[in-house]
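Number of protein chains: 2
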Amino acid sequence: MLVYFFGSGSADGTREMKGVLGGKGANLAEMTNLGVPVPPGFTIACSACLDFLRGGGTSAALKAEIETNLARLEVTSGRTLGDPKNPLLVSVRSGAPVSMPGMMETILNLGLNDRTVIGLAQQSGNARFAYDSYRRFLQMYGDVVLGVPIQDFEHLLKSKRLTTDAATDADLSEDSLRNLVEEYKALVRTRTGAEFPMEPREQLQGAIEAVWGSWKLKKAVDYRRQNSISESLGTAVNVVSMVFGNLGDTSGTGVAFTRDPSTGEKRFYGEFLVNAQGEDVVAGIRTPLPIDQMETRLPKAYAELLKTQDRLEQHFRDMQDIEFTVERGKLYLLQTRTGKRTAAAAIRIADEMVAEGLITQREAVMRVDPEQLDQLLHPVIDPSARAQAIATGLPASPGAASGQAVFDPDVAEQRAAEGIRVILVRDETTPEDFHGIVASRAVLTSRGGMTSHAAVVARGMGKCAIVGCKEMEVDLEHRSFHVNGITVNEGDWITLDGATGRVFSGDLPTIPSDVVRVLSGQRRGSDSRVYVTYARLLSWADEVRTLQVRANADTPHDARVARHFGAEGIGLCRTEHMFFEGDRITGMREMIVARDEGGRRRALAKLLPMQRGDFEGIFEAMDGCPVTIRLLDPPLHEFLPHGGEDTKRLARTLGISRDELNRIVESLRETNPMLGLRGCRLGIVYPEITEMQARAIFEAAVRARRRGIDVQPESMVPLVSTVKELAHQRAILEHVADQVMGAMGEEMPYSIGTMIELPRAALTADEIATAADFFSFGTNDLTQTTFGLSRDDAGRFLPMYVEAGIFPEDPFRVLDTVGVGKLVKYAVTEGRKVRPNMKTGICGEHGGEPRSIHFCQTAGLNYVSCSPYRVPIARLAAAQAALSLTD
Amino acid sequence: MLVYFFGSGSADGTREMKGVLGGKGANLAEMTNLGVPVPPGFTIACSACLDFLRGGGTSAALKAEIETNLARLEVTSGRTLGDPKNPLLVSVRSGAPVSMPGMMETILNLGLNDRTVIGLAQQSGNARFAYDSYRRFLQMYGDVVLGVPIQDFEHLLKSKRLTTDAATDADLSEDSLRNLVEEYKALVRTRTGAEFPMEPREQLQGAIEAVWGSWKLKKAVDYRRQNSISESLGTAVNVVSMVFGNLGDTSGTGVAFTRDPSTGEKRFYGEFLVNAQGEDVVAGIRTPLPIDQMETRLPKAYAELLKTQDRLEQHFRDMQDIEFTVERGKLYLLQTRTGKRTAAAAIRIADEMVAEGLITQREAVMRVDPEQLDQLLHPVIDPSARAQAIATGLPASPGAASGQAVFDPDVAEQRAAEGIRVILVRDETTPEDFHGIVASRAVLTSRGGMTSHAAVVARGMGKCAIVGCKEMEVDLEHRSFHVNGITVNEGDWITLDGATGRVFSGDLPTIPSDVVRVLSGQRRGSDSRVYVTYARLLSWADEVRTLQVRANADTPHDARVARHFGAEGIGLCRTEHMFFEGDRITGMREMIVARDEGGRRRALAKLLPMQRGDFEGIFEAMDGCPVTIRLLDPPLHEFLPHGGEDTKRLARTLGISRDELNRIVESLRETNPMLGLRGCRLGIVYPEITEMQARAIFEAAVRARRRGIDVQPESMVPLVSTVKELAHQRAILEHVADQVMGAMGEEMPYSIGTMIELPRAALTADEIATAADFFSFGTNDLTQTTFGLSRDDAGRFLPMYVEAGIFPEDPFRVLDTVGVGKLVKYAVTEGRKVRPNMKTGICGEHGGEPRSIHFCQTAGLNYVSCSPYRVPIARLAAAQAALSLTD
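Heads up: the sequence lines are chains D and V, in that order.
Be aware that the first sequence starts at 266, since it is given in this note's numbering, and climbs by one per residue.
Be aware that the second sequence starts at 266, since it is given in this note's numbering, and climbs by one per residue.
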């Protein structure tokens, strides 16, 4: 069965059949069954679309089913397709299992031709209406099915207005419209070389196939990619008998929400137009009226609408977005669906529906999209500022920010020191730019993907970033960038919307987030309705959640922020990040260029107090929670200057010649630094580095403990490929721990574990578990090595891969459960065979991504760790994962 | 039981106990049991050494066992340790389960002191002998146990010769020796602050511990690393009662082989000295006599020796290397072991022992070390040229070559064109140097490891290479290199020994390999005994072998060479290598910098005929055998010029500005090229590349087939991480195959498969198998990604890792069966679940490495593929793997 009928109070389908009938079709069936007034019609199942797209055309069996249901529709409506006296007119609309608003095609008034238009005129008693309907149909069908450019139709329409002195389309006379109909048909003839199809069954077939084909329209494909919707769903086609809102002042049409989609307030909210068709509301030619004014204009229909909307919300148990038409006083519902809403609305609606007893707390937790919570945490551009984007890049880190464009981290720092807001613009950023990022309000790059350096660093800091903005050409020499004919010079103001990836020129106003103001103590929680609701929702989430949520934080400040957001520990403290700040890099550089162990030890001795101080601050911020500190990880050359003034200065500081410094830098260069001398390899080649870091960790722990802080240090060895590496580093850590605790006379528990971030570590997890108290899956690197894919370089082909469906997702964004996930599960299983209570977690970027968190739940991990600003998202996603697995 | 006695015709041990007693101890026991005259003694088991090295000292139980066996030894020998009248003297020697000649310590004449030396003088009737023995003991023990520099003893000895006018040590008088003994004791006193230990039991304990400690001597550790001997074996200690070859003209000592270790000829071969101790033979102070002259000098002992050596060879069923001493006419065997031999000797001995009925053909196959076969294939430095190496690097590709040092591939090419032999010297090579490598006799680099570009390319071409010669400082500017105080300028002659990694200055003569001369048709096979024997051994190997052996070959010439060496197909034809030759790179470069698909297609059209021609040549060379052609794999920027004149020339050729060219080159640069846009990613982003290559493959195949050649093309898609990539490329290949075969009216079978070289490919082998006719494991890349370890960068820490035992081996040389091997086995198993008859092979560098081949056998692969010059090695190793698994 491929075709499902609905009408006269009963339907073949139900709301459960979204996968078959699409969202719209399933809900039309449901509404029909409920007794809600819905024009009769039928839905062609999604699978027919897929058959068609595979080149299967329309099968004879399907044609027969359509014919049968058309006959039922004719009986139910009392009209006949193509009947010149009493013509049945239908709309043909798409309707996928997942909402894709506006992405696919719709055709109205199908069934009209030179003969039926006369019948419509007679039946409606309004010839002008009939010819207007006919010309709309010709235009829509001509565009969508026959491929005649819509502009050509618009051009003829405008000419007609001009030659007849009509102010609007509504002022066109019946004669003008009759005339236009002939012009439209001539246009179609010229453009396609054939007559417009007059046979309604041929029209219907063409419209159905056009809707199927629209599944593959670029905008639809893009939308699905953006929203992670599967390509293999296909769309259903809804063929529904037409009702008209444009039959005079007792007719009308509108769109409404059962609650306010912007604030979530429980009030019937919407707009309507008298004497209009649905497209008129959308087109924005006439200004619609607020829905409550309908009470005076169409009182009977409004009363029924009010009752119906309430019934629909109660039935569907969620806020509904409905479309309706009133034809000569009679209300028809054309669509109902779960309404899209802002984050603030989402949490308020969920919260209030719990209070109303409509849904349970658990359902409330499931109702809010975790990703959406981001909106509550990052400042947003004031929606009242209507501006035109000059370019669009990848929305790497949400939030909104304005500032002067600067093209150099040093300039960024200078200007920021002068109190000027700046936005760092680069082709791409490197760790050397770190201080510039710190100093900037936001980052904009022309290269790099969602996990590029700029993206990761900015997200980690909760800072807005737009990356991979390819249209933009950065001219470092002239300190400017060019985009779409516009030049932005250093010092010019720009504004970024990190949530959408849009770049604006000028200083657009932003609104700070309510929730953040409360969390950062700038406002009392009880003063903010959004905060209260947010906090309640997350408390419900925390009740059902079984995964712990930790944060990746590298400084005491980040740790405090993370704790505000509800982090239950630090899952990843990247010790190298501490060295990018201010003078510290000098000490680090001294260590790297040291000629021997003695030189290295002297430099390390300078770094020790800085690191110890940071650790102590982090332990303090995380009092009572575990803190996982990763030993030095990145390739050392990342810390070196890359020429020019920087090199000159460093050489002077270090008291060596520039040539010598250059030689050292050169000797540290690697062909594939990601696979080079980094991670535990550093600590094995230079054990004194590990010694210093161990000393900093344990001395900080003892000091904090003496101050009454509950310290739970977890030392983590990175990039292990064999248990011997871990054992080597563990021995140093234990030795230093004994020394420090002995010398300071303070015993305390601590644990030592490892990152599992190389396939070999996962494959030999049973061996590695013998030396590890915990495993932390570094899924960024694990994804890189499992796929043989560099995050830094993937930007050149990864988007094309995702577009072509070769990868279902960017594997750096959403964990690849099939490949990388197999290694994670294997390592957890094998590791726990050896150490049954082994603590396992994830600290890659995936730790803050809801679908990846769901995987972590299934894999039996103990915790996820993510950037501080994603902690609330992870808490909610973890709760949803726990619920979806217990249901 | 830790101590095993032997003496008086019976022993506690047997030859089977090598793991416990070491090779020497087991064979001393075996000889004793056989009735061969062996001085009595006892062996302390290897495990005692390991206990000691773990810090366990010498246990009371072990001390008791030693005491018991010392008592048995005193009874058997009729002498007593420390008895001033009838002293027992013993030698204390190491003896590991695997032969490590000269690597560990030995102490002779132990038991001598100021009192027993008098007893020895009386018993031997030769006071001079006694004091000579005593001063030798003092010197040996002082050096080995007490750590007094040997040079100090030598210094005193030389002074004594000078002051007494003695020409040699043998000319020193008894008085001089007595005097020297006192001087030696004083030296020990000064250097160590203590008296030389006079108590024989204390001497014995010290000597045993010194032998144990010598397991960790640097030279011993290095030797084990070089020869892949496990650190965890430990050494046994043999305590044997002394016999003296220096008791006058009826005494003597010697070393002999049961067959000629150089040629393998069946003749008793060795050297001896009358009136001498073993060390005199080794020291080379006196010139030993050929063994057959012993017949006249020591006729009775010689007769017994002849009989004994034959008996030992028959018993041990292999060529023996024996040490003996004649004490006053009586023969004693001090050691027997399997003799080391050249490759030529190894195959001849195995062959003749089969003919003699001593061993079976299968045993003969097991007898020859596959790695050794290399010697038969590469030219060697004429051993008669005695030269001193100026530096030593990694022996990356065997063979010997002389030539003028050149520092630039263009100069190499120029001089080679003038008929001058050259050796390319670089810090490291890149694909740009390819023409220079082609033009050179050998390659020498200061950087890079055994799998660096230079190493891989040279091995692939059967060309000598020494890489990673760190002592060498290359000064490109002055076109010279400096090493150990020597400067070699451009044009100076150097000679490389690729088998040992030694670099010589000057033009040392080399000997071409017999086998290669036959295989290349320069000589008739029947004229060469080595060739005949080699061919017979390999034919026996081929009979038992189940793994197919293919070659990695990129040109028709390489394919022909591979076939000569017995390759049964091409397992890997790297199509990109074809583009490095001559003009071809211009076409390739045109393609890379093309602005659009059209430009790329025009450039590809120029490359098509070259590639098609090469493929046809390879199909012809491999008539009747499969040829696996891998689609383009490396990052494109490898093909681009890296600045200077080269860029200028290319810009001119391409008709674009240098700036534009530089911009393009810059835009192609990747942070981690190994994980970037390469492999099938290229063919997916630019499908026209795959189209061209498919066309070249199938057109070449059809053309060859029309000429009556049996063509078996296998197209291989590289760097697949998901089945969709493979399916994408497969569709193009199949489409072009249909087109070509249709147009040319020729049908033929072909297959399409993939490299498994990324962990994700192995992990999803079941999915990938649905689109692959075969799997070829690219274990170079699979090792890189599984370990997260770049071959190009690992040189900075990999040697240290192997030295410290963190990696048991360089995983790029010997396949890591634990991690990488797990992925290989998993992929084979999962792949065959889907496609039971799936052909599987290996085409990484490991395909020519015997232990890795053994793994391939256990993993159930169908074939291994290696560089042409390693095909014979792989054939033999595969046979041994098959035999060892069926036994």
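If you are wondering where the hints come from, they were derived from the structure by calculation, not from laboratory data.
Here the structure is a predicted model, which means the values were calculated and not measured.
Hints are supplied without guarantee of correctness; some may be wrong.
[Stated by the list, open to error] The list that follows gives simulated cross-link-like pairs (lysine to aspartate or glutamate, DMTMM-like), each with its CA atoms no further than 20 Å apart:
#1 D:LYS989 x V:GLU448
#2 V:LYS1087 x D:GLU1095
#3 V:LYS989 x D:GLU925
#4 D:LYS1087 x D:GLU1074
#5 D:LYS595 x D:ASP583
#6 V:LYS989 x D:GLU1068
#7 D:LYS735 x V:GLU935
#8 V:LYS1090 x D:ASP1031
#9 D:LYS989 x V:GLU1074
#10 D:LYS989 x V:GLU1095
#11 V:LYS1090 x D:GLU1095
#12 V:LYS423 x V:GLU544
#13 D:LYS565 x D:ASP583
#14 V:LYS913 x V:GLU885
#15 D:LYS605 x D:GLU588
#16 D:LYS735 x V:ASP861
#17 V:LYS989 x D:GLU1074
#18 V:LYS735 x D:GLU925
#19 V:LYS1087 x D:GLU1032
#20 D:LYS572 x D:GLU530
#21 D:LYS595 x D:GLU536
#22 D:LYS350 x D:ASP379
#23 V:LYS425 x V:GLU448
#24 V:LYS735 x D:GLU935
[As the list claims (entries may be wrong)] Distance windows between CB atoms, simulated:
#25 V:ASP861 x D:THR695: 54 to 62 Å
#26 D:GLU1074 x V:GLU1074: 31 to 39 Å
#27 V:THR1035 x D:LEU873: 53 to 61 Å
#28 V:GLU1074 x D:ALA996: 19 to 27 Å
In this text, a Cβ means the ideal position worked out from N, Cα and C, and glycines have one as well.
For each hint, the structure was consulted:
Between LYS989 of chain D and GLU448 of chain V the CA atoms are separated by roughly 49 Å; this puts the pair beyond 20 Å, and the hint is violated. Straight-line distance between C-alpha atoms of LYS1087 of chain V and GLU1095 of chain D comes to about 14 Å, which keeps the hinted pair within the 20 Å bound. Between LYS989 of chain V and GLU925 of chain D the CA atoms are separated by roughly 50 Å; this puts the pair beyond 20 Å, and the hint is violated. Distance restraint check for LYS1087 of chain D and GLU1074 of chain D: the Cα-Cα separation of roughly 17 Å lies within the 20 Å cut-off, and the hinted pair is therefore satisfied.
In summary, the hint linking LYS595 of chain D to ASP583 of chain D is not supported, as the alpha carbons are separated by about 26 Å, beyond the 20 Å threshold. Proposed proximity of LYS989 of chain V and GLU1068 of chain D is supported: the alpha carbons are some 13 Å apart, at most 20 Å. A threshold of 20 Å between alpha carbons decides the hint, and for LYS735 of chain D with GLU935 of chain V the separation of about 17 Å falls inside it, so the pair holds. Restraint check for LYS1090 of chain V and ASP1031 of chain D: the C-alpha separation of about 18 Å stays at or below 20 Å, so the hint holds.
Distance restraint check for LYS989 of chain D and GLU1074 of chain V: the Cα-Cα separation of roughly 13 Å lies within the 20 Å cut-off, and the hinted pair is therefore satisfied. With a CA separation close to 30 Å, the supplied pair LYS989 of chain D and GLU1095 of chain V exceeds the 20 Å bound. Taking the CA atoms of LYS1090 of chain V and GLU1095 of chain D, the gap is near 17 Å; set against the 20 Å cutoff, the hint holds. Simply put, LYS423 of chain V and GLU544 of chain V have alpha-carbon atoms about 18 Å apart, close enough for the 20 Å limit, and the pair holds.
Between LYS565 of chain D and ASP583 of chain D the CA atoms are separated by roughly 25 Å; this puts the pair beyond 20 Å, and the hint is violated. Taking the CA atoms of LYS913 of chain V and GLU885 of chain V, the gap is near 39 Å; set against the 20 Å cutoff, the hint is violated. A C-alpha spacing of about 14 Å is found between LYS605 of chain D and GLU588 of chain D, which places the hinted pair at or below 20 Å, so the restraint holds. Under the criterion of a C-alpha separation no larger than 20 Å, the hint pairing LYS735 of chain D with ASP861 of chain V is consistent with the structure, at around 17 Å.
As the CA atoms of LYS989 of chain V and GLU1074 of chain D are separated by approximately 13 Å, the hinted pair is consistent with the 20 Å bound. Of the supplied pair hints, the one linking LYS735 of chain V and GLU925 of chain D holds, its CA atoms being roughly 19 Å apart against a limit of 20 Å. With a C-alpha separation of about 14 Å, the suggested pair LYS1087 of chain V and GLU1032 of chain D falls inside the 20 Å cut-off, and the hint holds. Note on LYS572 of chain D and GLU530 of chain D: the hinted pairing holds, with a Cα-Cα distance of about 18 Å set against a maximum of 20 Å.
For the hint linking LYS595 of chain D to GLU536 of chain D, the alpha-carbon distance of about 18 Å falls within 20 Å, and the restraint holds. At roughly 12 Å between alpha-carbon atoms, LYS350 of chain D and ASP379 of chain D fall within 20 Å of each other, so this suggested pair holds. Restraint check for LYS425 of chain V and GLU448 of chain V: satisfied, since their Cα atoms lie roughly 10 Å apart, inside the 20 Å limit. Restraint check for LYS735 of chain V and GLU935 of chain D: satisfied, since their Cα atoms lie roughly 17 Å apart, inside the 20 Å limit.
For ASP861 of chain V and THR695 of chain D, the hinted distance range of 54 to 62 Å is not satisfied, since their beta carbons lie about 31 Å from each other. The hint said 31 to 39 Å for the Cβ distance between GLU1074 of chain D and GLU1074 of chain V, and at roughly 38 Å that hint holds. Between THR1035 of chain V and LEU873 of chain D the C-beta distance comes to about 56 Å, which sits within the given range of 53 to 61 Å. Separated by about 23 Å at the C-beta atoms, GLU1074 of chain V and ALA996 of chain D satisfy the suggested range of 19 to 27 Å.
The structure is inconsistent with the numbered hints 1, 3, 5, 10, 13, 14, 25, although it conforms to all the rest.
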